[in-house]
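Hey, can you work out the whole structure from these sequences and the hints?
The lines below spell out each chain.
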Amino acid sequence: MGGGLRVFLSRLAGLFRRKHADESLGAELRSHLEMLEQENIRRGMSADEARYAARREFGGFEQTIEDHRQLRSLPMLENFSRDLRLGIRMLGKNPGFTLVAVITLALGIGANTAVFSLVNAVLIRRLPYKDPEQLVLLTETLPQLGANEVGVAAGEYLDYRDQNRCFSQTAAYETAGFNLTGDGIPLRVQAARVSASAFSLLSVNAQLGRTFTDEEDRDGAPGVAVISGSLWRNHYSGSQGFLGKTIRLDEKPFTIIGVMPASFQFPFDGAPISDRADLWVPIAFSSDRFADRVREFGIGVIGRLKQGVTSALAQQDILRIADNFMRDHPESYAGTVRVSPRTFPFAGHAVEKIRPLVWLLESAVACVLLIACANVANLLMAKARSRRREMAIRSAVGAARGRLLSQCLVESFLLSLLGAGVGLALSLLMISAARQFGPSSLPQLQDVSLDPAALAFTLILSVTITLFFGLVPALQLSRVSPQLALKDAAQVGRSQATRRLQDTLVVLEIGAALALLIGGTLLLQSFVRLLNVPTGFQPQNTVIVRTLFDWSRYPDPLKREAVQKELLTRLAALPGAKLVAEASHLPLSEVRQIGFYIEGTPPGEFRWANNSLVSPGYFRAMGISMLRGRDFTEQDDRMSTNVAVISEALAKQFFANQDPIGKRFNWGGRADFTIIGVAADVRVTALDADPPPMIYDSMFQVESGASSRTAFVVKLGSADAAVQRAVLQSVQQEIWHLDKDLPIYGVSTLQSLIEESVSQRRFTMVLIGGFGILALVLALIGLFGVASYVVVLRQQELALRMALGAGRATVGWMVLKQGGLLGVAGCIVGLFVFFAGSSLLSSSLYQTNRHDPLTLLLVPLILFLATLFASYWPARRAMRVDPMTLLRYE
Amino acid sequence: MTTPRGEVLQGTLDLIVLQTLSAMGPLHGYGIAVRIQQVSEDLLKLNQGTLYPALLRLEQKGWISSKWGVSENNRKAKFYSLTRSGKKQLAAEAESWERMASVISRFLTGAEGA
Chain B
1 MGGGLRVFLS
11 RLAGLFRRKH
21 ADESLGAELR
31 SHLEMLEQEN
41 IRRGMSADEA
51 RYAARREFGG
61 FEQTIEDHRQ
71 LRSLPMLENF
81 SRDLRLGIRM
91 LGKNPGFTLV
101 AVITLALGIG
111 ANTAVFSLVN
121 AVLIRRLPYK
131 DPEQLVLLTE
141 TLPQLGANEV
151 GVAAGEYLDY
161 RDQNRCFSQT
171 AAYETAGFNL
181 TGDGIPLRVQ
191 AARVSASAFS
201 LLSVNAQLGR
211 TFTDEEDRDG
221 APGVAVISGS
231 LWRNHYSGSQ
241 GFLGKTIRLD
251 EKPFTIIGVM
261 PASFQFPFDG
271 APISDRADLW
281 VPIAFSSDRF
291 ADRVREFGIG
301 VIGRLKQGVT
311 SALAQQDILR
321 IADNFMRDHP
331 ESYAGTVRVS
341 PRTFPFAGHA
351 VEKIRPLVWL
361 LESAVACVLL
371 IACANVANLL
381 MAKARSRRRE
391 MAIRSAVGAA
401 RGRLLSQCLV
411 ESFLLSLLGA
421 GVGLALSLLM
431 ISAARQFGPS
441 SLPQLQDVSL
451 DPAALAFTLI
461 LSVTITLFFG
471 LVPALQLSRV
481 SPQLALKDAA
491 QVGRSQATRR
501 LQDTLVVLEI
511 GAALALLIGG
521 TLLLQSFVRL
531 LNVPTGFQPQ
541 NTVIVRTLFD
551 WSRYPDPLKR
561 EAVQKELLTR
571 LAALPGAKLV
581 AEASHLPLSE
591 VRQIGFYIEG
601 TPPGEFRWAN
611 NSLVSPGYFR
621 AMGISMLRGR
631 DFTEQDDRMS
641 TNVAVISEAL
651 AKQFFANQDP
661 IGKRFNWGGR
671 ADFTIIGVAA
681 DVRVTALDAD
691 PPPMIYDSMF
701 QVESGASSRT
711 AFVVKLGSAD
721 AAVQRAVLQS
731 VQQEIWHLDK
741 DLPIYGVSTL
751 QSLIEESVSQ
761 RRFTMVLIGG
771 FGILALVLAL
781 IGLFGVASYV
791 VVLRQQELAL
801 RMALGAGRAT
811 VGWMVLKQGG
821 LLGVAGCIVG
831 LFVFFAGSSL
841 LSSSLYQTNR
851 HDPLTLLLVP
861 LILFLATLFA
871 SYWPARRAMR
881 VDPMTLLRYE
Chain Y
891 MTTPRGEVLQ
901 GTLDLIVLQT
911 LSAMGPLHGY
921 GIAVRIQQVS
931 EDLLKLNQGT
941 LYPALLRLEQ
951 KGWISSKWGV
961 SENNRKAKFY
971 SLTRSGKKQL
981 AAEAESWERM
991 ASVISRFLTG
1001 AEGA
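Read top to bottom, the protein sequences are chains B and Y. Those letters in the first sequence? Residues 1 to 890, per our numbering, in order. Those letters in the second sequence? Residues 891 to 1004, per our numbering, in order.
Some hints here could point you the wrong way.
Claimed, not checked - Calculated pairs, DSS-like style, for lysine-lysine (alpha carbon to alpha carbon, straight line, at most 27 Å):
# : chain 1 : residue 1 : chain 2 : residue 2
1 : Y       : K977      : Y       : K951
2 : Y       : K966      : Y       : K951
3 : B       : K740      : B       : K578
4 : B       : K559      : B       : K740
5 : Y       : K966      : B       : K19
6 : Y       : K957      : Y       : K977
7 : Y       : K957      : B       : K19
8 : B       : K19       : Y       : K951
For the record, the hints were derived by calculation from the structure and aren't laboratory data.
Structure (structure tokens):
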């Protein structure tokens, strides 16, 4: 239909030249009439006669113009653009209404999209591996030692690998860290040792080069390494020639054979960026790892379930294998050393702990969205009521019902479009804020991006609601004749149905807000309580700097000790430094556990405790009080008796009613240690976890796997930030002065260790609290809007009452009472909502009763007062009504 | 057949306008009206105003084009002329009209004969 298209296009073009076309047609017609006139005069008519005759012959002048216009235009588009302009004008005329509606919509859409995107990224996202639902994680627990999910030991891995019937393939991995040297600045890289099978099991190939083979995954094979895409880009500027090059990891040579794709994050999918492995080397178990079956756990195992094997079957299968090997090696699995293996879905395991938190956020934001939608609905209904008269008039003068409907539609659409635009911007803002300020324990936050599905869902929901309630006036009107509507418009009050709906919406809003506020208050209490928990150490004005004396560079412990001691002396001499010490592990950052036997207990009574190797003076520098006995001294050296300081918790647990000083224990067959002191308990794993039993050893007396790790602790004399910076710089200089190849990392303060450890709780609290306040504001706006609107509607009634003798106070009280009643109803609903959902909170609360009576009493009370406050202004307005003016006006 | 009368008339008017422009060359609206009245010897009573929507329709279909110019007595007027596709359209319409007319007349004469 070339002709049809042509006509359409010329009409479309006509839309934009309407004025010009009108003028042109006018000129043309006038010229026509003049020619007619002239002709008539030529025939002998008078001027007037000629003009009238011309008009007659021409026919309907206006009709011609109108027909012409009709032909030029596209009526639908024409009407739409008229509605659009009218809509924009209406929105501009009520800036208050528009602003509130748009902000409300934007907050609902923005918050919901952001949190939905977050939930999607954290909980629902599929792993970037083939058939991820077939992947399971296998780990062991030592129930009698209270050691959870410790991984497996090397010998056990081989048994699981060779004897299972449920997996099509298995792989082992271990996390590791290396000093990467050999080119440029020394680099500390996070790495993983993995079995060669890992890559094929996950069916991920190298993006460049290759992954390693089974032959390379053998003890004694030449070292090979695969690096991550980001290490390749950032450190080796993405150069192809890098393959085949030799690097040094902890001074041992490794050949780079491949680069993994950027999406490959193994072992911890979605780990914090700082913890993601950037380098993979073969796990290549050395023979000494099999000598003692239970000496070292910590190997992660993943398996791919065979087709049709359920996780329950797999669980049975691995239990059978564990029973077998424990029976076959009675010398290793005795007493308290009994392992209990478990399988977890690989995908779910990483997020299991934060699942309640995410659901909590999700329900909070759903509340906010509900409130926002209810608010917009209420606003639109109020507006509809005030526009009934306008609609009635327009329909009375002949506007078709379709035209009225389409106008309402366009207006609501404009409103939701504005809200959606602002909401989109808001959600982008919130997502980038979450990425920046979110806790590191929610690692997937780094991968959160605006989720199109979430955006679409929220948009559709809010746009539908807006359109629906925007249509109400036109729909209502179409049911009654214009005459009736006009008459009705002069009547007083809301219709019964509108009133019930509006009041219900307000009550629900207040209820949702109350539930959120109670949740936020409880979280705040719990957070404050947590921050006030005694940590067991004095974190003020203390800086920490970590380094690593790796074995290959410092094979001689005495040489390392000399450097460590020399550094202690130098740091102590720094201006501003008050106390200095060193430790292998600091509280709230790193955890290490060791196993031991207490002298005099039956063989097999194996115990676990947390451990740190410390220098003399550590307890003073950290501000940990010595409860009994003494600290380590310079005299506790490699020649003297092995000594240890234990924590109060350990003393209580294992030496109840005895004096632990002088008691002895054996550390994993290494040596016997005599207890010389008891130190106060320290929160080691987390602020909300009870202090575990703890053994301190002198770092200048024992050698262990932890000996290479050294954290310098420098207590400063003042809280001055400049001093702190200066000291940190000097510490760095002193370290590099002694050995320029020592890596420096983990520069921080004790205070920030505490803050980092509560970052997830802070995040939750701020979010829920923020949503609570948001909900409160929205609900109050809703209440205020409805109350004001009711006052406007009832003005005549109020005026009449006043004219008949009701006092102003009585009238004001009426309005206030109505708001108050809605508030009370809202609080009751809110308490129900809270009780229904409060279990979501429990995992986020620390030593706080989620049904704390005081909170459950005070928060509703405050909310009730707030609702009275929101009704106060409308009430005042009602009192200001001047009966005479109003009644006369009628 | 319940074709509304206006529709038939409209089609007829289109054909008349096209034929007029083809015979006379470029003309303004008034000229077209005068010419139609001359040719039809006032048998066809035409409201001259109805000419303009018809002209616009033809222009939208691309059969005629318009240009502002000056009339014989020095008046500004819009001149319409036949386009190439207008000529084709005229030929096609004239042919179909003649065919239709001959069919109709054959029916009429046939009816007479019976």
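Going down the list of hints, with the structure as the test:
1. Between K977/Y and K951/Y the alpha-carbon distance is near 13 Å, which keeps this suggested pair within the 27 Å criterion.
2. For the hint linking K966/Y to K951/Y, the alpha-carbon distance of about 25 Å falls within 27 Å, and the restraint holds.
3. Note on K740/B and K578/B: the hinted pairing holds, with a Cα-Cα distance of about 25 Å set against a maximum of 27 Å.
4. Taking the CA atoms of K559/B and K740/B, the gap is about 16 Å. The hint holds against a cut of 27 Å.
5. Distance restraint check for K966/Y and K19/B: the Cα-Cα separation of roughly 19 Å lies within the 27 Å cut-off, and the hinted pair is therefore satisfied.
6. Under the criterion of a C-alpha separation no larger than 27 Å, the hint pairing K957/Y with K977/Y is consistent with the structure, at around 18 Å.
7. About 18 Å separates the Cα atoms of K957/Y and K19/B, which keeps this hinted pair within 27 Å; it holds.
8. Restraint check for K19/B and K951/Y: satisfied, since their Cα atoms lie roughly 22 Å apart, inside the 27 Å limit.
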